[in-house]
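Using the sequences plus the hints, can you model the full thing?
For the record, the sequence lines run as chains R and P. Be aware that the first sequence starts at 0, since it is given in numbering that gives the first Met the number 0, and climbs by one per residue. Be aware that the second sequence starts at 0, since it is given in numbering that gives the first Met the number 0, and climbs by one per residue.
Mixed in with the good hints, there may be bad ones.
Interface residues of chain P toward chain R, partial, derived using beta-carbon atoms under 7 Å [as the list claims (entries may be wrong)]: (1) Ile-2; (2) Glu-4; (3) Leu-254; (4) His-255; (5) Ile-257; (6) Glu-258; (7) Met-259; (8) His-366; (9) Arg-370.
Read the hints as simulated data drawn from the structure, not as lab findings. It should be emphasised that the depicted structure is a prediction, and the values quoted were computed from it without experimental measurement. Positions of the beta carbon are idealized from the N, C-alpha and C atoms, including for glycine.
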Amino acid sequence: MRIVDIYYLDANQNPVFLTGDCIQTDHADVSRKSNAKSYTMADGSLTLYPAQNDSAEFTLYLECKSAQAEAISSAVRHGQLLFAGMRTAGKTSDTPTDHHYLETAVHPAFIGLLPETSSIKIKEIEACADLFGVQIPMNLVLSAGNYYMQNLPVIKIDSLSLAGNAENFSGYTYQKSGWFCRNQILHTNSDLLSVSFAYSGSVPNLSASLKKSGVTVQNWNSVETENSCSASLDVGLNQFALLLSAPAYKPLGFRFSIWRNPAVS
Amino acid sequence: MIIHEKIFAEISFRNGTRIKLAEKEIVSASVRRQCCPDSNFEIGGVYSASLSMTASVSGTNSYNIRGAKIVLSTKYGNEENFQPMGTFWVTQASRISGDLYSLTAQDAVGWLETSSFNCSEDDKKMFENLTRYIGETYNQSPGTIQVWCWRIAIETCNALLSRTFGENLLTWEDYNTAVNGRYTNDWNFEAVSGDIRNLLLTCSVRNASGQTNSPRELLHYLAELAGGFIYAKENGNLTLGQFGQAEFGQAEIFLHEIEMNSCETAEYQLQNILVLLRACGHEDSTFTTIADTVLQTPFRIQIDSNPFLDGFTETAGNGYFTDYEARYGNGLYPFKEGLYYFHHRKDDEGALTSDRCAFRPFHCRVHKQERFHLGQRVKLALGEDNPVLSTITSIKWTFRGGWELACAGEDSRTMADALQRSKADKALTDVKLRYESLLSKIPGGGV
Chain R
0 MRIVDIYYLD ANQNPVFLTG DCIQTDHADV SRKSNAKSYT MADGSLTLYP
50 AQNDSAEFTL YLECKSAQAE AISSAVRHGQ LLFAGMRTAG KTSDTPTDHH
100 YLETAVHPAF IGLLPETSSI KIKEIEACAD LFGVQIPMNL VLSAGNYYMQ
150 NLPVIKIDSL SLAGNAENFS GYTYQKSGWF CRNQILHTNS DLLSVSFAYS
200 GSVPNLSASL KKSGVTVQNW NSVETENSCS ASLDVGLNQF ALLLSAPAYK
250 PLGFRFSIWR NPAVS
Chain P
0 MIIHEKIFAE ISFRNGTRIK LAEKEIVSAS VRRQCCPDSN FEIGGVYSAS
50 LSMTASVSGT NSYNIRGAKI VLSTKYGNEE NFQPMGTFWV TQASRISGDL
100 YSLTAQDAVG WLETSSFNCS EDDKKMFENL TRYIGETYNQ SPGTIQVWCW
150 RIAIETCNAL LSRTFGENLL TWEDYNTAVN GRYTNDWNFE AVSGDIRNLL
200 LTCSVRNASG QTNSPRELLH YLAELAGGFI YAKENGNLTL GQFGQAEFGQ
250 AEIFLHEIEM NSCETAEYQL QNILVLLRAC GHEDSTFTTI ADTVLQTPFR
300 IQIDSNPFLD GFTETAGNGY FTDYEARYGN GLYPFKEGLY YFHHRKDDEG
350 ALTSDRCAFR PFHCRVHKQE RFHLGQRVKL ALGEDNPVLS TITSIKWTFR
400 GGWELACAGE DSRTMADALQ RSKADKALTD VKLRYESLLS KIPGGGV
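This is the structure in C-alpha cells:
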C-alpha cells in the first residue's frame, strides 16, 4: 500500500508517479530548524515526521527531468489528505541540463491533517512569487478519500494567502486549481462538498468557478457577497477542479473553506 | 505515511526541582535496548537501556544534571495518551552551548552493577541477606526464579536507599503468568515423597574466584536458567522477559514501513541443539538433536559456568527418578530439557504450546506508529510468499527517526567462526600446558 505519493498530472490529467529514486529529502536543513524528518521507504514511498510545534516548513527536494518539472503541478499526496506547493530550487551549475530540482514546501499545518483531528485547518499557506514566475501552476491536490469523508465532519482549509508584492503579480491572471480526488476503490455514496472563498481587500472582478475535470459544473450554488463567495456541488463523481481567477491589483488574501456538509452523512 | 510523534521528558534533580521538556527543548533523543549482545544470541542477558538526548535545559549545569532522573514518554498521533519510554539516570552530561546539553543516561539495570556497591555497611548487609535468602533454600522452602529475582531487586534497592534520597530505584514486576503462560523452568521446586525439593540449587553470592557477584550477575544466572533475560520495562520496573512473550503478540511489518536499504535478513534460523550445564553429581548435562543445516544454524546454550545447579539431577541420582521420562512425565522440566525447549511458550498448565519462537537474524529500520518490545515475535512481510519470522533482541528508538530492530545471531557454520574457535582452543591448550608444567614443579603436586 502506497500511502504517500509524489506525482504530477499529465496532459490528460492523469497522475504520473515519481518513484522513490527521484526523491531527495533534506535532512540537514530541516533538522536544524526543527525536528521534522522524512525517510524514504523500501517501496519508494515517503514517511514524514512533521514537527507540529515548529513554524519551519517541511522541505522535500525532488529531482526530476525538465519535462516533468514543467508538468509538475502537484506535489505530495497523502492517502487521505495532504497539500503542498512547489517551486524550483537548488539548481546548480553542475546540474545535468535535463534535471531540475524542485523544492516542495509542506507547511506543518498541512501535515496536521490527521484522522484524529475533527477539524482540519490549513492556515496561511505561503505561495511564493516565483511559483508563478516560472509558470508552474500550483495545483492544490486534495484527496478526500472515504476515510476522511466518513470520519471527519468538517474538512476545512482556513485560508490561503498569496504572498508577494503587487508588481510581481502585475499582468497575470491567477488561476488556482484544486482537484478533489475521491478514492475510487472506496467510493460509495456521493458526498456533498461545499466550497467557499472569502477575500480581503479590494479585488474587483473576482470570479470563481467550479469545474469538474475541465467541464464547468452547472449545478453548483454560488453565493457572492461583497467580500466573499461560496459554492457547493456534488462531488460524488471522481474529480472536479476549482478554478479561481481574478485580475491582480493588490496582494490577494484568498480564504478557502472546503468542507463536507455535515448535514449529509 | 505521516507519523506524528510527540515527546515529553521530566527531569528530577537531586535538589528536588523538576523540569519538563517537550519538542521545543528536545533536539534529539534515542533509546537503545537489548537483551543479547550485538552479534551473538544468548540467554540470560541483563542489559541496561541507554538514553541519548540533546536538549535545552535551563538553570543548571553539567555537574548538577549528572545523576538526575529522566522519565521519558512519547505519544504517536494514533494514541490518546503519552506512553512511557523508560526511566533513566544521567550518567554523562556535557554542555554543547548555552543551555544545550548532550546527555547520556541509563535505566534501572545500571543500579545493579558492581560499581554501585562500594562495600558500605548497607552493601554488606545486602550480600548477607542475599546469601541467606538465595543461598540456603535447598530443601527448606520452595522458591521460584521469580521470587529470587524479586529478592535480589529488593535487597539491592534497600542497599541503595541511603544514597538515593530514600527513593525506590528498583521495583520488581512479576512475570505475568495470567497473560503470558508460564516461563521456562518456572517449576524449580517439587514435592517429592513429601519433601520440597528445589530443582534450583544453591548459589554462592561469591563466584569461583572468591569475589562477590554483583546483583546484576546473580540476576544474569537466574535469567539464564529461566531461558530469558532481565530488563527494565518502559514503565521503569525490573522484570523477567521471555522470548516470544505472549503479551507483546507478534509485530507485523510491511515493506512500506521499512526504510529503504535498511533491511537485511539471514536465510537461516538459529536452532538450539545442545545444552551444557552443571548439575549436582554430574559435570555436565547434554541434550542434542540434529539441526537442518541448510536452513538452520546450530547453537549451544552453554551455562556450565552458572553457579546455580540443576539439583533435580541429584535427587534423581538419589533414587527418586531414574530417567528422563520419569521426570518429564511428572511435569518437571529439569534445566537441560527446559532450555532445549525454551523457545516454545508454555501454557498455564505448563505444557509446551505450538507457538514457537523463531530466531532468525535480521536488522531493519521501521517507521510505524507502534511500539516494539524486547523478546517480541516479529513477522517481516517482505514478500507475499516468504515472510520472515523472528524475535526482537535489540531495539533502538529515535525520536522521529523510527525503530531499529534486530535479532542477534551468527552463522556458526562459517569458516570464520571455526577459525576463531581454533584460536580459542590453542589458547586453552597453552594454558593447560603451562598449568601442568607449573604443577609438576610443585613437590608432590604432579599427578
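_Hints violated by the structure (numbers, ascending)_ = 9
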